[in-house]
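A.B. asks: Below, each chain spelled out in residue letters.
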Amino acid sequence: MPRDHPLKRVERELKVAPRRRLDLIEEVDADARAMQAELERRGRTPRQARRAALRWVVPTHKALEELEARHAPRLGRWARAAGWVDRAIVLGVALAATLAGLIAVVAMYGSGVPDVAAFVTWPLAVVIAAIAANLSWAAIQLLIHGDLRPLQRRSLWNRHAGLVVAAVALGALGAAWVGRVTLGPLELLRISAPEGPMGEPPVWEAVGQMATVAGTGLAAAVFGLFGWLVLTPRLLTDEEAENRIADFFAEARRHLALASDAGLDHERKGGP
Amino acid sequence: MQQSTLSKRINELLVLAVLGHGPAHGYQIALSVEERTGGAFSFQHGTLYPILHRLEAEGRLRSEWHGEGRRRKTYHLTAAGRAELAAGAAELERQFRALFGLIRGTHAA
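For the protein sequence lines, the chains are A and B, in the order given. Numbered by the working numbering, the letters in the first sequence go through residues 1 to 272 in order. Numbered by the working numbering, the letters in the second sequence go through residues 1 to 109 in order.
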């Protein structure tokens, strides 16, 4: 069974920006190779030299924690020092979700959306809160650890896309429902009293309520998409560094396979 | 002074002292410390990197990457690092002199 590269654990455990991770594994790898060569020059076998070099340079869990604290973003360093790393994320996410949900509810009910549409407006408020939570989770994670792994990023984006679609759909559904419950009676009123003392029925008011619900869903989608767009430059930079990390390990694997083949060949020819 | 603070200080001075002889890669610093101190001090299990990165962030060292593709990092002592080495060594010498004075005095009594 092929063994993991010794630095794979370092890459997995170290929660810092991918650029920092790449720098560290390249630095440690170069040192391990150079130290191995130096120890071989001093008479150790390649296997002994490799093992000793790795023992010397590959950081342990404790050393990684120190490096993590050193290379965390400014907010992350503050949160660590205050012992608030996880709490800061949870509190930030909860605050953003509550605020966004409240704004949505106030906007819809403040502009007179009828209570009969509550079955759509409340889920819409929840979806808006979830969009804010998703977005702030990604942003705070980047601000505190500086690290959002590809798997997490993909799952966050999938959830985000689903929420954006849900917001638009709920907005449209809500508008249709509000239209049905408000424009229907108005139509009846117009038929029964076409030239009554009240004049033209308040159609525009009903249209306004419909537009509010539809607009809230649309605004939530725009907020979600633009919010993700703000994170995109950073995510692209991270992805580039992650690709280089993947290349690093792919090359190391190729190197290891070649070395292993050479070793087998040497043994087959009767070498020690 | 707490033990952890003292050992942290000693580790920093060891790194600064090695780099006082000229720029070096991380592995060279680790080997050099072990050889020059006769094995009394060593930086195994990657303990050197947090020290190097801290000293660099504090401006006592600077680093340079060399090479395309497979890059290597070299550390250099800065003027601030040189000053820190001189001040730190003098301070540590004073503390150890006081410590051994106390120990010898205790033994004499």
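There's no promise every hint is true.
[As the list claims (entries may be wrong)] The calculated EDC-like cross-link candidates involving lysine to aspartate or glutamate, where the alpha carbons are at most 20 Å apart (straight line), are:
1) A:8 <-> A:205
2) A:62 <-> A:247
3) B:8 <-> B:84
4) B:73 <-> A:11
5) A:62 <-> A:115
6) B:73 <-> A:26
7) A:8 <-> A:251
8) A:8 <-> A:247
9) A:62 <-> A:11
10) B:8 <-> A:68
11) B:8 <-> B:58
12) A:8 <-> A:38
13) A:62 <-> B:12
14) B:8 <-> B:64
15) B:73 <-> A:239
16) B:8 <-> A:66
17) A:8 <-> A:242
18) B:8 <-> A:65
19) B:8 <-> A:239
20) B:73 <-> B:93
21) B:73 <-> B:91
[Stated by the list, open to error] Covered by chain B, according to a simulated footprint, are these stretches of chain A (three or more residues, beta-carbon under 8 Å):
22) 47–58
23) 67–74
24) 136–143
[Stated by the list, open to error] Take a look, some chain A residues computed to stay more than 10 Å from chain B by CB distance:
25) 63
26) 93
27) 153
28) 177
Hints were generated in silico from the structure; no laboratory data involved. Heads up, the beta-carbon is just placed ideally off N, CA and C, and yes, glycines get one too.
A.B. asks: Can the restraint linking residue 8 (chain B) and residue 68 (chain A) be considered satisfied, given a maximum Cα separation of 20 Å?
C.D. replies: 17 Å, holds
A.B. asks: Mind taking a look at whether chain B covers the stretch 136–143 of chain A? Criterion is 3 or more residues with CB to CB distance under 8 Å.
C.D. replies: Since three or more residues must qualify, the claim that chain B covers the stretch 136–143 of chain A is violated, with 0 doing so at under 8 Å.
A.B. asks: Holds or violated: are the alpha carbons of residue 8 (chain B) and residue 84 (chain B) at most 20 Å from each other?
C.D. replies: Holds, at roughly 14 Å.
A.B. asks: Given the hint that residue 8 (chain A) pairs with residue 205 (chain A), test it: the Cα-Cα distance must not exceed 20 Å.
C.D. replies: 63 Å, violated
A.B. asks: Does residue 8 (chain B) pair with residue 239 (chain A) here, judged by a C-alpha cut-off of 20 Å?
C.D. replies: 36 Å, violated
A.B. asks: For the pair we were handed, residue 8 (chain B) and residue 65 (chain A), check the Cα-Cα distance against 20 Å.
C.D. replies: 16 Å, holds
A.B. asks: For a C-alpha distance cap of 20 Å, please report whether residue 8 (chain B) and residue 64 (chain B) respect it.
C.D. replies: This hinted pair is violated, its Cα atoms lying about 24 Å apart.
A.B. asks: Taking the closest pair, is the beta carbon of residue 93 (chain A) still more than 10 Å from chain B?
C.D. replies: Non-interface label stands for residue 93 (chain A): nearest chain B Cβ at 30 Å, farther than 10 Å.
A.B. asks: Is it true that the CA of residue 8 (chain A) sits at most 20 Å from the CA of residue 251 (chain A)?
C.D. replies: 13 Å, holds
A.B. asks: Checking one constraint from the list: CA of residue 73 (chain B) to CA of residue 26 (chain A), max 20 Å. Satisfied?
C.D. replies: 9 Å, holds
A.B. asks: Between residue 62 (chain A) and residue 11 (chain A), does the CA-CA distance stay at or below 20 Å?
C.D. replies: 14 Å, holds
A.B. asks: Does residue 58 (chain B) lie within 20 Å of residue 8 (chain B) when you go C-alpha to C-alpha?
C.D. replies: 14 Å, holds
The structure fails to meet hints 1, 2, 5, 12, 14, 15, 19, 20, 21, 24 and 25 from the earlier list, while all remaining hints are met.
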